[in-house]
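Enquirer: Read off the chains here:
Number of protein chains: 2
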Amino acid sequence: MKLGYLGPEGTFSEEAGKTYDKIIPGKKELVAFATFHDILFAADKGKVNEAIVPIENSIEGTIGVVTDMLVKNVDLKICQELVIPVYHYLLAPKGVKLSDITDIISIPQVLDQCRDYIYKHLPHVTLHLAHSTSSAVQQVATSLDKGHFAAIGTKTAAELYGLKILAGKVNAKENKTRFVVLAKRDHARTGHDKTSIVFAIKRDRPGGLHDALGAFASRKINLTKIESRPSKKSLGDYYFFIDMYGHRTDKLIAAALKDLKAQAGFLKILGSYPRAK
Amino acid sequence: MKLGYLGPEGTFSEEAGKTYDKIIPGKKELVAFATFHDILFAADKGKVNEAIVPIENSIEGTIGVVTDMLVKNVDLKICQELVIPVYHYLLAPKGVKLSDITDIISIPQVLDQCRDYIYKHLPHVTLHLAHSTSSAVQQVATSLDKGHFAAIGTKTAAELYGLKILAGKVNAKENKTRFVVLAKRDHARTGHDKTSIVFAIKRDRPGGLHDALGAFASRKINLTKIESRPSKKSLGDYYFFIDMYGHRTDKLIAAALKDLKAQAGFLKILGSYPRAK
Numbered sequence: 001m002k003l004g005y006l007g008p009e010g011t012f013s014e015e016a017g018k019t020y021d022k023i024i025p026g027k028k029e030l031v032a033f034a035t036f037h038d039i040l041f042a043a044d045k046g047k048v049n050e051a052i053v054p055i056e057n058s059i060e061g062t063i064g065v066v067t068d069m070l071v072k073n074v075d076l077k078i079c080q081e082l083v084i085p086v087y088h089y090l091l092a093p094k095g096v097k098l099s100d101i102t103d104i105i106s107i108p109q110v111l112d113q114c115r116d117y118i119y120k121h122l123p124h125v126t127l128h129l130a131h132s133t134s135s136a137v138q139q140v141a142t143s144l145d146k147g148h149f150a151a152i153g154t155k156t157a158a159e160l161y162g163l164k165i166l167a168g169k170v171n172a173k174e175n176k177t178r179f180v181v182l183a184k185r186d187h188a189r190t191g192h193d194k195t196s197i198v199f200a201i202k203r204d205r206p207g208g209l210h211d212a213l214g215a216f217a218s219r220k221i222n223l224t225k226i227e228s229r230p231s232k233k234s235l236g237d238y239y240f241f242i243d244m245y246g247h248r249t250d251k252l253i254a255a256a257l258k259d260l261k262a263q264a265g266f267l268k269i270l271g272s273y274p275r276a277k
Numbered sequence: 278m279k280l281g282y283l284g285p286e287g288t289f290s291e292e293a294g295k296t297y298d299k300i301i302p303g304k305k306e307l308v309a310f311a312t313f314h315d316i317l318f319a320a321d322k323g324k325v326n327e328a329i330v331p332i333e334n335s336i337e338g339t340i341g342v343v344t345d346m347l348v349k350n351v352d353l354k355i356c357q358e359l360v361i362p363v364y365h366y367l368l369a370p371k372g373v374k375l376s377d378i379t380d381i382i383s384i385p386q387v388l389d390q391c392r393d394y395i396y397k398h399l400p401h402v403t404l405h406l407a408h409s410t411s412s413a414v415q416q417v418a419t420s421l422d423k424g425h426f427a428a429i430g431t432k433t434a435a436e437l438y439g440l441k442i443l444a445g446k447v448n449a450k451e452n453k454t455r456f457v458v459l460a461k462r463d464h465a466r467t468g469h470d471k472t473s474i475v476f477a478i479k480r481d482r483p484g485g486l487h488d489a490l491g492a493f494a495s496r497k498i499n500l501t502k503i504e505s506r507p508s509k510k511s512l513g514d515y516y517f518f519i520d521m522y523g524h525r526t527d528k529l530i531a532a533a534l535k536d537l538k539a540q541a542g543f544l545k546i547l548g549s550y551p552r553a554k
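So the sequences go chain by chain: A and B. Mapping to our numbering: the first sequence position 148 is 148, numbers consecutive. With positions in the second sequence counted from 1, the corresponding number in our numbering is that position plus 277.
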């Protein structure tokens, strides 16, 4: 079974892939891709059986490039979810001290998540941007000025590229990433499920979203996530991503989705899957 | 009157500042800051009288760093809004042809907005990240390999740093940015106003957001924006940003806000201001 993930080796996505393999054992070959586009298209075209991608972070919110593709570009369903605590590490070559650091490199989202630590302990450093935390670690290990540069990345990447940990868990405390496994089919009912949908409301009348949410509120269905994303059509035009407890084949959920379909301008069921523990 | 904006010279924020000066004439001294944090803190502490910042883009959605600061870090009100069409340009030194380009540099958001153009016309280029479009343009003009690098940035920056336009309007078609002007006080009622609020709902019961929106739906108040942002406390915990037609001193709006305050865990009125034309 081939599982696509965002590489190169040492990324947080690779760690998620390994965690998934522990939770649901089975022979999995992890296949690295360079971008989320490449991963999702590979899964859509059957070049990998499944793809594991982050969909939501407690600091950053929705990973827009993934959700946008699920809406418009691919026909994939969510069949599993994993919630993984995120720890970022400040990494430098051996012999370099915290007080030597004048420059830090990582991806924008991670620098943002570690802002409080940087402001407090290294307020005068210059921040540099990389395409992945793994590439940031690699650059600090190989090409960048070795006495002064640190990367923020994973423990795995530090081991892979021979950097040492200058400071551990430098990110905001409550930092979790929710990964989903995507495949051609979602998961059968387990009795302890979640369902994800995306919809758009017809515009230009008051109360549209209120009415849409009424389909769930009137049935006391618990929504665990409500996020909006711009539709990219015009300002003020949104897609709404909603997660709820229950399986799409449950009577109440099925009735609510039927109600919503009747009034929404667009509705796509992204899948039902067992709740993460 | 001092107006803070995100510099350096040649940024899109500077263009917005100049547009604001045309719409509402008055002696304004534009003061450049390096980050949104610096701008908003300067306005909060009275070092500038007003600040102009982007708050929402039709492709990217909410500018999280700005909205997060409005919720938690500063006591500023929205007193004006401007909606400005965004045009990005592919820029290179004179003599360089489109077919010479192997590398493009810009900020992540702009590269994302121009993805379709890049995939179609320059599918094999390597993408590089800068901290501002202006700095990307400057780097292409001064330090990067001149035969092969192009920057994506504004027309103003091209003129400032002596680059020529290789391709115009390379971004997605419907691309608009909404800027807001922040000050210590919002705007008096004009009869043609908008009001912005942010609230959080009490958790762990079905229908919370539905009930909150009921305060507006029952009064037929038209919501022009509904966006969620993670509260950064835990997964599934959100702030909701809502814009509506009307002034906070209008009878119906005042009643709806009173209703909402009674049921929301948190409510902050970000200000009332004239609608952009």
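The set of hints was computed from the structure by calculation and includes no laboratory data. One thing to keep in mind: the hints can contain errors.
In silico SDA-like cross-links for lysine to any residue, where the CA-CA straight-line distance does not exceed 25 Å [what the hints assert, rightly or not]:
#	chain 1	residue 1	chain 2	residue 2
1	A	K2	A	S135
2	A	K251	A	L223
3	A	K184	A	Y87
4	A	K220	B	K397
5	A	K146	B	S495
6	B	K453	B	Y396
7	B	K374	B	K441
8	A	K176	A	K47
9	A	K233	B	Y396
10	B	K502	B	A465
11	A	K120	B	H469
12	A	K261	B	K453
13	A	K202	B	H469
14	A	K72	A	P85
15	A	K268	B	T526
16	A	K47	B	T501
17	B	K453	B	T526
18	A	K261	B	K441
19	A	K233	B	T526
20	B	K453	B	P385
21	B	K502	A	K120
22	A	K277	B	S511
23	A	K251	A	A262
24	B	K502	B	T526
25	B	K545	A	D116
Bear in mind that the values here come from a model prediction, so they are computed numbers and not experimental data.
Enquirer: Can the restraint linking A:K251 and A:L223 be considered satisfied, given a maximum Cα separation of 25 Å?
Expert: holds (16 Å)
Enquirer: Holds or violated: are the alpha carbons of A:K251 and A:A262 at most 25 Å from each other?
Expert: holds (17 Å)
Enquirer: Given the hint that A:K261 pairs with B:K453, does the C-alpha gap stay at or below 25 Å?
Expert: violated (30 Å)
Enquirer: If you draw a straight line from the CA of A:K220 to the CA of B:K397, is it 25 Å or shorter?
Expert: violated (47 Å)
Enquirer: Next pair to validate is A:K47 with B:T501; report whether the Cα-Cα distance is within 25 Å.
Expert: violated (42 Å)
Enquirer: Checking one constraint from the list: CA of B:K374 to CA of B:K441, max 25 Å. Satisfied?
Expert: The given pair, whose Cα atoms are some 10 Å apart, holds under the 25 Å limit.
Enquirer: Would the hint linking A:K184 and A:Y87 be met if the CA-CA limit is 25 Å?
Expert: violated (31 Å)
Enquirer: Do the alpha carbons of B:K453 and B:T526 lie within 25 Å of each other, as the hint requires?
Expert: violated (29 Å)
Enquirer: Is the straight-line distance between the alpha-carbon of A:K261 and that of B:K441 25 Å or less?
Expert: violated (50 Å)
Enquirer: Are the Cα atoms of A:K268 and B:T526 separated by 25 Å or less?
Expert: violated (40 Å)
Enquirer: Between B:K453 and B:Y396, is the straight-line Cα distance small enough, at 25 Å or below?
Expert: Distance of about 22 Å is within 25 Å: holds.
Enquirer: Straight-line Cα separation of A:K233 and B:T526 no greater than 25 Å?
Expert: violated (32 Å)
In the structure shown, a violation is registered for the earlier hints numbered 3, 4, 5, 8, 11, 12, 14, 15, 16, 17, 18, 19 and 21, in ascending order.
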